[in-house]
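*Asks:* Below, each chain spelled out in residue letters.
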Amino acid sequence: MTTPLETTEPAAAQAAAGAGDERPAWRGTLRYALAKAGGALFSIAMVIVGTFFLFRLLPGDPVRNMAQGRNMTPAQLDLERHRLGLDKSLIQQFFDFVGDTLRLDLGMSYEYKRPVLDLIGERLGPTLLLAGTGLVIAVSLGIWQGTRAGWRHGSRFDRFSTATSLLLWSVPTFWLGLLLMMVFGVGVGPIPGIFPFRGIESVDAPDGFAYVLDVASHMVLPCLTLVAVVYAQYLLVMRSSLVEEISQDYVTVARAKGLRDDEVRRRHAVPNALLPTVTLVFMRIGFVVGGAVTVETIYTWPGLGQLFYEAVSVPDFTLMQGTFMLITVAVIVMNTLADVAYHILDPRVRSA
Amino acid sequence: MTETQTAADAVATTRPTLLEARDLHVEFSSRGRRARAVDGVNLAIGAGEIVALVGESGCGKTTLARTLLGLERPTSGEVRYDGDVLNYSSKALKEYRRQVQLVLQDPTGSLNPRHTVYEAVAEGARIHGLPDEQEVVTSALSRAGLRPPDRFFLRYPHELSGGQRQRVVIAGALALDPKVLIADEPVASLDASVRGEILALLLKLRADLGLSALVVTHDLGLAWNIADRVAVMYLGRIVESGPVEQVLTAPRHPYTQALMSVLPESPERVVLTGEPPDPTRIPGGCRFHARCQILASGKAAEAGVADHCRTNPLPILPSTADAQAACYYANNTT
Numbered sequence: 001m002t003t004p005l006e007t008t009e010p011a012a013a014q015a016a017a018g019a020g021d022e023r024p025a026w027r028g029t030l031r032y033a034l035a036k037a038g039g040a041l042f043s044i045a046m047v048i049v050g051t052f053f054l055f056r057l058l059p060g061d062p063v064r065n066m067a068q069g070r071n072m073t074p075a076q077l078d079l080e081r082h083r084l085g086l087d088k089s090l091i092q093q094f095f096d097f098v099g100d101t102l103r104l105d106l107g108m109s110y111e112y113k114r115p116v117l118d119l120i121g122e123r124l125g126p127t128l129l130l131a132g133t134g135l136v137i138a139v140s141l142g143i144w145q146g147t148r149a150g151w152r153h154g155s156r157f158d159r160f161s162t163a164t165s166l167l168l169w170s171v172p173t174f175w176l177g178l179l180l181m182m183v184f185g186v187g188v189g190p191i192p193g194i195f196p197f198r199g200i201e202s203v204d205a206p207d208g209f210a211y212v213l214d215v216a217s218h219m220v221l222p223c224l225t226l227v228a229v230v231y232a233q234y235l236l237v238m239r240s241s242l243v244e245e246i247s248q249d250y251v252t253v254a255r256a257k258g259l260r261d262d263e264v265r266r267r268h269a270v271p272n273a274l275l276p277t278v279t280l281v282f283m284r285i286g287f288v289v290g291g292a293v294t295v296e297t298i299y300t301w302p303g304l305g306q307l308f309y310e311a312v313s314v315p316d317f318t319l320m321q322g323t324f325m326l327i328t329v330a331v332i333v334m335n336t337l338a339d340v341a342y343h344i345l346d347p348r349v350r351s352a
Numbered sequence: 001m002t003e004t005q006t007a008a009d010a011v012a013t014t015r016p017t018l019l020e021a022r023d024l025h026v027e028f029s030s031r032g033r034r035a036r037a038v039d040g041v042n043l044a045i046g047a048g049e050i051v052a053l054v055g056e057s058g059c060g061k062t063t064l065a066r067t068l069l070g071l072e073r074p075t076s077g078e079v080r081y082d083g084d085v086l087n088y089s090s091k092a093l094k095e096y097r098r099q100v101q102l103v104l105q106d107p108t109g110s111l112n113p114r115h116t117v118y119e120a121v122a123e124g125a126r127i128h129g130l131p132d133e134q135e136v137v138t139s140a141l142s143r144a145g146l147r148p149p150d151r152f153f154l155r156y157p158h159e160l161s162g163g164q165r166q167r168v169v170i171a172g173a174l175a176l177d178p179k180v181l182i183a184d185e186p187v188a189s190l191d192a193s194v195r196g197e198i199l200a201l202l203l204k205l206r207a208d209l210g211l212s213a214l215v216v217t218h219d220l221g222l223a224w225n226i227a228d229r230v231a232v233m234y235l236g237r238i239v240e241s242g243p244v245e246q247v248l249t250a251p252r253h254p255y256t257q258a259l260m261s262v263l264p265e266s267p268e269r270v271v272l273t274g275e276p277p278d279p280t281r282i283p284g285g286c287r288f289h290a291r292c293q294i295l296a297s298g299k300a301a302e303a304g305v306a307d308h309c310r311t312n313p314l315p316i317l318p319s320t321a322d323a324q325a326a327c328y329y330a331n332n333t334t
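Just so you know, the protein sequences line up as chains D and V, in that order. If you count the first sequence from 1, position 303 lands on 303 in full-length UniProt numbering, and the numbers rise without skipping. If you count the second sequence from 1, position 166 lands on 166 in full-length UniProt numbering, and the numbers rise without skipping.
For reference, chain D alone in the conformation it holds in the complex (with noise of 0.2 Å):
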């Protein structure tokens, strides 16, 4: 056996210690920011690439799709090809499409004879109020829920919770969504329709505050349908991370320097499992700029949502083409937005 080390001196510990490394942290951050944004525009630029072939790769003539039911002479059809370059080479019609698309013109709507650039615009703004809305509720629903839940897992509000959330995850959401609107926009039995489910606002809508009331109103069940769906994922990832970080020793160190309960999971536990969540948030974040297409659909909500389903079913070729590239171009700046936000928040991945 060895004897006692009494006089061994920790002067390795010092030594090793913040040899040089004094550069400011936030360059190191906007590098990383600036590599994150190069990656992403080379994302953007392969979906401008893959979205046109992917729409040329489409069965069917769009010409005669647009033609549909009406008699055209083939001069007629010859015309219209060639109003839309659609009689110019491949090649060609590429490097119009890019060029167009880099000047943000993104053609005109089959459909609506009219730019698509200027529909999108239209839209943005409700689909922004209801998906945004909605996700702030079914994020701060599910992170509180998730929160209760993991700290006490096990517990009745526990097992109650994340039962209720994954029956309504399980739930198909134009069933949720004609459940609502029948019980609550049409009304059932002695339960009167309380409110309206068609559209963004009345046809007679007053202005001011009164106007912004009649928006709310419209909005609360598009807007619970859309939560009901979706807070499950919210729940469930808070809720595991924070078991997790609960094991977690340093979580027994902090409870052993005399924090309460409270501020062990204020201070050390929640933070530190938001992490994942944060990633979650932006990610959907990007898919808000989307819609909810089933849910505008089903209440008539004029937004990009109901826009894309238009257009699919039409098909008017430009419209889904702009609506793709503008969803996946938010998906990629959001994406890119959360790998930023993660490097900010979480040290290790700083100096990883």
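Read the hints as simulated data drawn from the structure, not as lab findings. Quantities reported herein were computed from a predicted structural model and do not represent experimental measurements. Note that CB positions come from ideal geometry on N, CA and C, so glycine has one too. There's no promise every hint is true.
[Said to hold, decoys possible] Only part of the chain V face toward chain D is listed, based on derived beta-carbon distances under 10 Å:
hint, residue
1, ALA47
2, ARG98
3, PRO107
For this one, chain D is given, so just place chain V on it according to the hints.
*Replies:* Just chain V now, with coordinates in the frame of chain D:
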């Protein structure tokens, strides 16, 4: 043996008891079965004394440590600090935390990855409202051997080596000026070269600050290097205790002998047979009898205690500084 240790032993007998477990029981129920993790323990730690608690995994030593810290409540029995029974009201517990601090095995897990060294060390001081936080942090870091302290303030745990991380954990504990450190396998996850440094640090803290420590370990070499007294735990109970050189050079309990025999210096190995201990099914009689090599070899029968071993439960060892073993054979033959 060195002079420091013998000197420490001479003091040990006169040291007043600081932290004490009296007839402590801690039970858990899992899937309808009761696990008696700590099943009757008397243990006293004197002021300025380092006690090593050794035993194999699952013997209840970590539960005992957690209970001494007030992180786990005893089913029966009591924890006493400075003569007073530990009070589990949140206010009293918070006050107690200033006196008794914890150091865990894995320094990486013990530090919040998103807190800087400064935040980690300052947290205790902040919670307890100590004045001059920066001074507290600076002095705690330098006492833990991280010098110059301000170079470490803004570092994150992942930027440090394992040994430095453990020093930060120790600094976090020292920031509160505790009287007792409870260290659960404090060096088990560190490299051999760093182990020596951390052990030297613990000894230095005892010498400089008069800190008491309970070091939980499965490593007898560590116990030998650092402790004044050692307590060997088996299946929820202390089976042998006493001054470290007495217990480790002349172990009396067959379990301690078996533990000692696996050290490289040992002439012959004792291989324990039978099932590993299960705290949900503690055997009657001596709790070690099913695996006891003395009983199996027939020596216990020769000494005429074999029936006792199998049927009569042993009394709980009192908390005394002298060498003692809970074994019919050992107590009958010596």
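*Asks:* Hint by hint, note whether the structure agrees.
*Replies:* The hints, checked one at a time:
no. : hint   : in the structure
1   : ALA47  : violated, 19 Å
2   : ARG98  : holds, 7 Å
3   : PRO107 : holds, 9 Å
When each numbered hint is compared with the structure, a violation occurs for hint 1 only.
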